[in-house]
Amino acid sequence: MLATTPQLLAQEKSDLELIQKQIEDKKKQIAKQLNEAKKLQENLKKIELNVAQTAKSLNHTDNQIANNQKEQAKLLKQQEEYQDALNQQKSELAKQIRSAYMTGNYDFAKMLLNQEDAANFERSITYYQYLNKARKEQIDSFNVLVKDLKLVREKLIEGQSELERLKYQQVSEQNVLKKQLASRQVTMTKLQASIESDEAKIAQLQVNEKNLTEALARAQQRVAQQSVSLNGLSKQKGSLLIPAKGTLRKMFGRFRQGQIKWKGIVIYGNSGDDVIAIHDGKVLYADWLRGFGLVTVLDHGDGFMSLYGHNQALLKQVGDSVTAGESVALLGQSGGQSRPNLYFEIRHKGKPVNPVSWLKL
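Mapping of the sequence shown onto the numbering used here: residues 1 to 361, in sequence order.
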């Protein structure tokens, strides 16, 4: 029995060394996966920033087209009104001309030669002057309408030309966006393949959360340096605006991967839809963040912040003031998302709170 003890100790030592080697190999494997993922994330960042720029430009073009079409409709209505008024003026002027023709005995030359009745002559002169004045006013009014109608028609032609240019630009931007999204999908596929194990996925989420925490800490430091007075969200609990249209997943507090829990909620929607501010605030952060994509963080005062992630494009810059319901971003799937959604958080003094309790659902 004693003879075998050294053999058992040797075996145990060998087993321990094997386990330690396996642990070390696993750590190296995870580190390699994370390093590869980091490179792909940087590539993803570049692509998604390009997508954001194109999407923002496309959104601006869409708004220009909508405004142009409204202006065209307004001008068409104005043209119709001017044409009706012009027809009315033509009719009234024609009546005056016919009236003057029918009362030819009041021709000015005839009245000068016929001065038998001074009183009658004086009345005729007054009537003649009145008629001429009314006729002149009608003709002046007629000329103004003709000029205005001409201007409206010129604006319509210019507007139509601009509309055609904008639509061509819209198609061009849509084609660019389509290519960029295809490139993004290739990177996404590689990124998903680079992180295979659950351990690597957990480590990746930990890195992402660390980046977010640091970004929010920097944002909070900026809050302390600002003199803008905001009232917080306490009085609005349960009545805050829903930040986007779509299907809401109440995931706050649930386990996400391993022991990591969700700090917010997700709203599945359509790419390009408006993401709105839940309440008045000021933009503290507006940039791409690993794991969260294009993110906007709003300060609402009294230690309250709201976070909007996975956006397609950001419409506001750091320092901008926003009002409740104002668009701050376009919904998307940046940060490595497989489908369009908004990741949303509310934090008070850095600590996440359940958004479901605060939104008017």
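These are calculated hints, taken from the structure and not from any lab test.
Model, not experiment: these values are computed from the prediction.
Possibly wrong hints are sitting among the right ones.
To be verified - Mimicking BS3-like on lysine-lysine, the simulated pairs with C-alpha atoms at most 25 Å apart in a straight line are:
no.	residue 1	residue 2
1	LYS167	LYS32
2	LYS210	LYS70
3	LYS147	LYS167
4	LYS70	LYS56
5	LYS32	LYS150
6	LYS179	LYS45
7	LYS46	LYS150
8	LYS150	LYS39
9	LYS74	LYS150
10	LYS210	LYS56
11	LYS77	LYS90
12	LYS179	LYS32
Unchecked claim - Pair ranges (Cβ atoms, derived):
no.	residue 1	residue 2	range
13	ASP148	SER357	25 to 35 Å
14	LYS250	SER172	32 to 42 Å
15	GLU36	LYS155	33 to 43 Å
16	LYS261	LYS46	57 to 67 Å
17	ASN175	LYS70	40 to 50 Å
18	ASP148	LYS46	50 to 60 Å
19	GLN257	ASN43	18 to 28 Å
Ideal Cβ placement from N, Cα and C applies to all residues, glycine included.
Going through the hints against the structure:
1. Of the pairs offered as hints, the one joining LYS167 and LYS32 is violated, with about 47 Å between alpha carbons and a cut-off of 25 Å exceeded.
2. As the CA atoms of LYS210 and LYS70 are separated by approximately 48 Å, the hinted pair breaks the 25 Å bound.
3. Our distance criterion of 25 Å between C-alpha atoms is broken by LYS147 and LYS167, whose separation comes to about 30 Å.
4. At most 25 Å may separate the alpha-carbon atoms for a hinted pair to count; LYS70 and LYS56 meet this at roughly 21 Å.
5. The hinted pair formed by LYS32 and LYS150 fails the criterion: a straight-line CA distance of about 71 Å is larger than 25 Å.
6. At roughly 16 Å between alpha-carbon atoms, LYS179 and LYS45 fall within 25 Å of each other, so this suggested pair holds.
7. The straight-line distance between the Cα atoms of LYS46 and LYS150 is roughly 50 Å, outside the 25 Å bound, and the hint therefore fails.
8. Proposed proximity of LYS150 and LYS39 is contradicted: the alpha carbons are some 61 Å apart, above 25 Å.
9. As the CA atoms of LYS74 and LYS150 are separated by approximately 15 Å, the hinted pair is consistent with the 25 Å bound.
10. A threshold of 25 Å between alpha carbons decides the hint, and for LYS210 with LYS56 the separation of about 29 Å lies outside it, so the pair is violated.
11. A threshold of 25 Å between alpha carbons decides the hint, and for LYS77 with LYS90 the separation of about 20 Å falls inside it, so the pair holds.
12. With a C-alpha separation of about 30 Å, the suggested pairing of LYS179 with LYS32 is violated against the 25 Å cut-off.
13. At about 58 Å, the beta-carbon gap between ASP148 and SER357 misses the expected band of 25 to 35 Å.
14. Taken as a hint, the range 32 to 42 Å holds for the pair LYS250 and SER172, whose Cβ atoms sit roughly 41 Å apart.
15. Between GLU36 and LYS155, the C-beta spacing of about 58 Å breaks the proposed range 33 to 43 Å.
16. For LYS261 and LYS46, the hinted distance range of 57 to 67 Å is not satisfied, since their beta carbons lie about 31 Å from each other.
17. Checked against the given bound of 40 to 50 Å, the beta carbons of ASN175 and LYS70, roughly 26 Å apart, lie outside it.
18. A C-beta distance of roughly 53 Å is found between ASP148 and LYS46, which places it inside the suggested range of 50 to 60 Å.
19. Our hint of 18 to 28 Å for GLN257 and ASN43 holds, since their Cβ atoms are close to 23 Å apart.
Checked against the numbered hints listed earlier, the structure breaks hints 1, 2, 3, 5, 7, 8, 10, 12, 13, 15, 16, 17; every other hint is satisfied.
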